[in-house]
Each structure stands twice: as structure tokens, then as C-alpha cells.
Amino acid sequence: MTETVYETLDALGICLPEPVRPAAAFVPWTAAGDLLFLSGHIARRNGRPWTGRLGETLETADGVAAARATAIDLLATLHAATGNLATVRQIVKLMVLVNSAPGFTDQHLVANGASDLLIEVFGAAGAHARSAFGAAQIPFGSCVEIELVAQVARVPHAG
Amino acid sequence: MTETVYETLDALGICLPEPVRPAAAFVPWTAAGDLLFLSGHIARRNGRPWTGRLGETLETADGVAAARATAIDLLATLHAATGNLATVRQIVKLMVLVNSAPGFTDQHLVANGASDLLIEVFGAAGAHARSAFGAAQIPFGSCVEIELVAQVARVPHAG
Amino acid sequence: MTETVYETLDALGICLPEPVRPAAAFVPWTAAGDLLFLSGHIARRNGRPWTGRLGETLETADGVAAARATAIDLLATLHAATGNLATVRQIVKLMVLVNSAPGFTDQHLVANGASDLLIEVFGAAGAHARSAFGAAQIPFGSCVEIELVAQVARVPHAG
Numbered sequence: 000m001t002e003t004v005y006e007t008l009d010a011l012g013i014c015l016p017e018p019v020r021p022a023a024a025f026v027p028w029t030a031a032g033d034l035l036f037l038s039g040h041i042a043r044r045n046g047r048p049w050t051g052r053l054g055e056t057l058e059t060a061d062g063v064a065a066a067r068a069t070a071i072d073l074l075a076t077l078h079a080a081t082g083n084l085a086t087v088r089q090i091v092k093l094m095v096l097v098n099s100a101p102g103f104t105d106q107h108l109v110a111n112g113a114s115d116l117l118i119e120v121f122g123a124a125g126a127h128a129r130s131a132f133g134a135a136q137i138p139f140g141s142c143v144e145i146e147l148v149a150q151v152a153r154v155p156h157a158g
Numbered sequence: 000m001t002e003t004v005y006e007t008l009d010a011l012g013i014c015l016p017e018p019v020r021p022a023a024a025f026v027p028w029t030a031a032g033d034l035l036f037l038s039g040h041i042a043r044r045n046g047r048p049w050t051g052r053l054g055e056t057l058e059t060a061d062g063v064a065a066a067r068a069t070a071i072d073l074l075a076t077l078h079a080a081t082g083n084l085a086t087v088r089q090i091v092k093l094m095v096l097v098n099s100a101p102g103f104t105d106q107h108l109v110a111n112g113a114s115d116l117l118i119e120v121f122g123a124a125g126a127h128a129r130s131a132f133g134a135a136q137i138p139f140g141s142c143v144e145i146e147l148v149a150q151v152a153r154v155p156h157a158g
Numbered sequence: 000m001t002e003t004v005y006e007t008l009d010a011l012g013i014c015l016p017e018p019v020r021p022a023a024a025f026v027p028w029t030a031a032g033d034l035l036f037l038s039g040h041i042a043r044r045n046g047r048p049w050t051g052r053l054g055e056t057l058e059t060a061d062g063v064a065a066a067r068a069t070a071i072d073l074l075a076t077l078h079a080a081t082g083n084l085a086t087v088r089q090i091v092k093l094m095v096l097v098n099s100a101p102g103f104t105d106q107h108l109v110a111n112g113a114s115d116l117l118i119e120v121f122g123a124a125g126a127h128a129r130s131a132f133g134a135a136q137i138p139f140g141s142c143v144e145i146e147l148v149a150q151v152a153r154v155p156h157a158g
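Protein sequences appear in the order of chains A, B and C. Quick note, in numbering that gives the first Met the number 0, the first sequence goes up one by one and the last residue is 158. Quick note, in numbering that gives the first Met the number 0, the second sequence goes up one by one and the last residue is 158. Quick note, in numbering that gives the first Met the number 0, the third sequence goes up one by one and the last residue is 158.
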């Protein structure tokens with residue numbers, strides 16, 4: 000894996016954005032032992048909340064794209080936290096919230112937008128445990144929110 | 000505790016099923032240090048998603064039964080991950096999602112279906128921290144989804 | 000930080016209540032390594048569930064107050080678990096659930112009621128990762144539920 004994470008991102012045409020700053024009174028990540036806990040990142044498009052509700056104003060394909068975009072923001076935060084994505088030993092766990100109308104039951108497909116990208120980028124180290132479910136709402140009316148736990152080889156200082 | 004976990008399961012008439020395979024791009028569990036992170040397991044009945052919404056199409060007793068069934072699936076995954084349930088030091092934490100109509104407020108009673116079983120099976124080592132709440136929806140329209148963190152004495156290899 | 004945590008609580012006029020006893024089959028906290036996992040605490044007022052739904056029967060300011068009250072209950076549990084809040088190394092992570100009508104999108108503002116207090120009390124050690132989102136319901140119809148992970152210097156015995 001090592002250095003090639005950035006080559007993979009290049010090959011996917013992904014340019015990591017500036018890490019998102021929390022819109023409220025918390026930090027983007029904390030470290031405890033060799034675990035990094037990343038705050039819930041909401042889906043954004045063009046730098047603004049990617050709003051909408053699956054099964055109402057958005058289709059599954061929109062949700063997949065929003066989850067993928069959110070994973071890219073999570074990678075940007077991981078990069079900022081670690082200084083080097085090659086120090087990520089594994090993606091331990093995702094919690095994927097999908098802003099869902101009562102009848103929408105494809106949260107797992109939406110979440111794949113994030114999961115697939117992490118596996119593409121990190122290979123076996125990107126395979127993670129996951130919970131995905133429907134939220135009644137998400138801050139700013141965003142359609143997706145994702146929280147991530149990673150294990151790292153080198154523990155960074157506070158976020 | 001040790002070997003008697005399986006005896007307890009026998010006494011309860013519980014035969015561990017084949018561990019569920021994730022329906023999407025993730026793995027059933029990951030290990031970090033001595034912690035096991037199990038993916039959200041959705042309630043199943045007869046091998047299919049146990050669908051329905053509490054306070055709408057399902058009663059509390061149904062939810063309790065679904066949560067218990069989900070805990071059995073989690074035990075099957077724990078068994079597959081560890082090779083031996085006697086190496087489980089403690090059940091650290093559950094997150095219990097209940098597919099809930101707006102007026103249903105007994106998520107804690109539903110969640111007891113899982114919590115009670117884990118305490119029956121593991122004794123003091125089964126007493127866990129827990130969050131239970133109502134989800135707007137759950138993948139496949141399942142009525143319950145449960146995520147579990149356990150601490151183990153012997154760390155298994157990747158899931 | 001050390002001893003001054005209790006002085007800060009005094010200065011804020013906060014008297015830690017008796018820790019809440021779980022209303023169901025789980026424990027208020029567990030420890031794994033140097034991590035403490037606190038169960039989801041529901042908002043209470045006058046010792047009873049603080050009921051209501053944001054965007055329906057409650058305003059954002061009510062939610063902020065409920066989240067702050069819940070953080071005080073979490074501090075009471077942390078105090079009971081550790082014997083001394085000065086042994087808290089950092090607040091690692093909060094999950095803040097807000098009982099939300101479909102149109103309410105200010106979960107992050109509600110959650111600040113808890114986050115701001117933790118930062119006031121612990122200073123830099125109180126800065127945490129966080130996810131906040133809308134739940135379809137919360138046990139007892141409570142308006143807010145908060146789960147907390149903390150890292151401690153001295154590991155307590157079972158909760």
C-alpha cells in the first residue's frame with residue numbers, strides 16, 4: 000500500500016480538498032491510542048451542504064455520489080490528521096447516515112459510494128465494519144453524513 | 000465463564016447460524032487492538048430481512064424478538080471472528096436502531112431483546128454500554144439493526 | 000486542568016446530580032483499555048424524560064438546554080466511573096441524537112449545548128469529535144440522547 004495511496008487518488012482523478020472545518024463546537028478528529036475518530040462529515044457539493052432526502056427529492060444514484068464525495072472529504076481530514084495517508088493501517092468502521100423518507104430502504108447502496116472508494120484507495124486496509132441507516136434529518140438538511148474510525152501506524156497530535 | 004458459553008447457548012436452545020455475509024461493500028467485523036467492531040446486523044427471519052416498523056406494523060414484542068434474533072446473528076459473527084466465544088472478555092457497547100413510527104417511544108424495551116440475551120450468555124462479561132433510538136429507516140426495511148463492540152482476550156486476524 | 004474541573008463546575012453553578020440508572024438491561028458505562036464508553040443518556044428535566052420533538056413542539060433553544068442538561072448527566076456518570084474527573088484525559092467523541100421533525104436541520108446547534116459545556120469544563124481536553132443527526136424517536140419520547148467516549152488516565156473497574 001504505502002506511498003501508492005496518493006498515486007491511486009491521482010489515478011482516480013481525485014484531488015483532496017481543503018479539510019472541512021466543523022460548523023460547530025467540535026474538532027474534525029481526535030486520537031486515542033492508535034485510533035483516529037473522525038467527526039461526522041456531511042455531504043457537500045460545490046463547498047455547500049448537499050441537501051435533499053433519499054426517496055423524496057433524491058435518487059439512489061445521487062446518494063451514492065454524495066457518499067463518495069463525503070468519503071473524499073473524510074480522506075482530506077485523514078490526510079490532514081496523519082500528514083501521510085500511508086500511515087493509515089486500516090479503516091476500522093464507518094457509520095453512514097442517510098437522510099431518508101419513510102419508504103426508502105436502500106441505505107446500504109448509498110453507503111457503498113463511500114465504502115467502494117475507501118477500498119479502491121486503501122485496498123485490503125480499506126475494508127471496514129459498517130452501519131448504515133436512515134436518519135430523520137441531518138444538519139443543514141444534508142443528504143448524507145459519515146463518521147469514520149481508522150487505525151494508524153503513527154499517532155498524530157491533537158486535531 | 001469460559002467454555003460454558005456454548006453450554007449456555009445449548010441450554011437456551013440456540014444453535015448459532017452461519018454468520019451473515021454483508022449485503023454490500025464492507026466486512027462483518029474488524030479488529031483494532033483487542034477491540035472487535037461488528038458491522039450493523041439487520042434483523043432477519045427465516046434468512047430474510049425481518050421487515051416492519053415499530054408503532055406501525057409491528058408491536059413491541061415483535062421488536063424484542065427481532066432484537067434477540069439479531070443478537071444471535073451477532074454471536075454467530077463473534078464466534079466466526081474469534082473461533083471461540085470464551086475469548087470474549089466483554090461486550091463493550093451496542094448501538095440498537097429501531098425502525099420507528101414517530102409515536103413509538105419504547106426503543107429501550109426492544110433493545111432489551113438483545114441485551115438480555117447477551118447477559119444470559121456471557122454473564123457479567125455481557126453487561127454493556129448501549130444506545131438505542133429510532134431510525135427513520137433501515138436497509139431492506141428491516142425493523143432492527145444492531146452494531147456491537149467487544150473486547151477479546153486473543154485478537155483474531157482480519158474478517 | 001486537574002483539580003480545577005470541580006472548581007469550574009462550581010463556578011458554572013453546576014452541581015453534579017446522582018448518576019442516572021439505566022432504565023433497561025444495560026450498564027451506564029464500560030471500560031476497555033483506557034477508553035470509557037458511556038451509554039446513551041437521554042435528556043431529563045426535573046428527573047423525568049425531557050420530551051418533545053425539535054421543529055414540532057420544541058425550539059432550538061430548548062434543544063440546546065436539553066443537550067446541556069444531558070452533558071451534566073454524562074459528567075455525573077463520568078465522575079461516578081472515574082472517582083475523579085481530573086483523570087479524564089480527553090473527551091474523544093460524542094454522538095448526539097436529536098428527536099427531529101422532518102424539517103428541522105439545526106441538530107448541530109442543539110448539540111452545541113453539550114459540546115460547549117464540555118469544552119468549558121475540561122478546556123482543550125474537552126474538544127471532541129462529534130456526530131449529530133436527527134433520530135425518528137428516542138426512548139421515552141426524550142428530545143435528545145447523547146453517547147460519549149472518553150479517554151482516562153486511570154482505568155476504573157466495571158460500571
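Calculated from the structure, these hints are not laboratory results. Every residue gets a Cβ at the ideal spot worked out from N, C-alpha and C, and that includes glycine. It is possible that some hints are incorrect.
Stated by the list, open to error - In silico negatives: residues of chain A with every beta carbon more than 10 Å from chain C: (1) R20; (2) A24; (3) S38; (4) N45; (5) R52; (6) E58; (7) A79; (8) A123; (9) A134; (10) A135; (11) E144; (12) V154.
Claimed, not checked - Here are the computed distance ranges between Cβ atoms for each label pair: (13) B:A152 x C:P155: 32 to 38 Å; (14) B:R153 x C:R44: 44 to 50 Å; (15) A:G32 x B:P16: 31 to 37 Å; (16) C:R88 x B:D33: 18 to 24 Å; (17) B:P155 x A:A79: 30 to 36 Å; (18) A:P16 x B:G122: 47 to 53 Å; (19) C:R47 x A:L11: 48 to 54 Å.
What the hints assert, rightly or not - Below, a sample of chain B positions facing chain C; criterion: calculated Cβ distance under 8 Å: (20) T7; (21) L8; (22) T86.
A quick look at each hint next to the structure:
The Cβ of A:R20 sits about 13 Å from the closest Cβ of chain C, beyond the 10 Å cut-off, so the non-interface label holds. Annotated as non-interface, A:A24 brings its C-beta within 10 Å of a C-beta of chain C; the closest such distance is 4 Å. For A:S38, the condition that its CB be more than 10 Å from all CB atoms of chain C is violated, with the nearest at approximately 4 Å. Chain C leaves A:N45 outside its interface by the beta-carbon criterion, the shortest separation being 18 Å against a cut-off of 10 Å.
Not every beta carbon of chain C lies more than 10 Å from that of A:R52, the smallest distance being close to 8 Å; the non-interface claim is violated. With 10 Å as the threshold on Cβ separation, the claim that A:E58 sits away from chain C holds: the shortest Cβ distance comes to roughly 19 Å. At roughly 13 Å from the closest C-beta of chain C, the C-beta of A:A79 stays outside 10 Å, upholding its exclusion from the interface. Residue placement check: A:A123 keeps its beta carbon more than 10 Å from all beta carbons of chain C (closest about 25 Å).
Annotated as non-interface, A:A134 brings its C-beta within 10 Å of a C-beta of chain C; the closest such distance is 5 Å. With a cut of 10 Å on Cβ distances, A:A135 falls inside the contact zone with chain C, its closest approach being about 4 Å. Interface exclusion of A:E144 from chain C breaks down, the closest Cβ pair being 6 Å apart, not more than 10 Å. Distance check for A:V154 against chain C: the nearest CB is about 12 Å away, which clears 10 Å, and the non-interface claim stands.
At roughly 20 Å, the beta-carbon separation of B:A152 and C:P155 lies outside the given 32 to 38 Å, and the hint is violated. For the pair B:R153 and C:R44, the supplied restraint of 44 to 50 Å holds, since their beta-carbon distance comes to about 46 Å. Our hint of 31 to 37 Å for A:G32 and B:P16 holds, since their Cβ atoms are close to 34 Å apart. Hint check: C:R88 to B:D33, Cβ distance near 19 Å, so the stated range 18 to 24 Å holds.
A C-beta distance of roughly 32 Å is found between B:P155 and A:A79, which places it inside the suggested range of 30 to 36 Å. The hinted window of 47 to 53 Å between A:P16 and B:G122 holds, with their beta carbons roughly 49 Å apart. For the pair C:R47 and A:L11, the beta carbons lie near 53 Å from each other, so the given range of 48 to 54 Å is met. The closest approach between the C-beta of B:T7 and any C-beta of chain C is roughly 16 Å, which is over the 8 Å cut-off, so the hint fails.
Evaluation of the B:L8 hint against chain C yields a violated restraint, the C-beta minimum of about 18 Å exceeding 8 Å. Nearest Cβ of chain C to the Cβ of B:T86: about 14 Å, over the 8 Å cut. The hint is violated.
In this structure, the earlier hints numbered 2, 3, 5, 9, 10, 11, 13, 20, 21 and 22 are contradicted, and the remaining ones agree with it.
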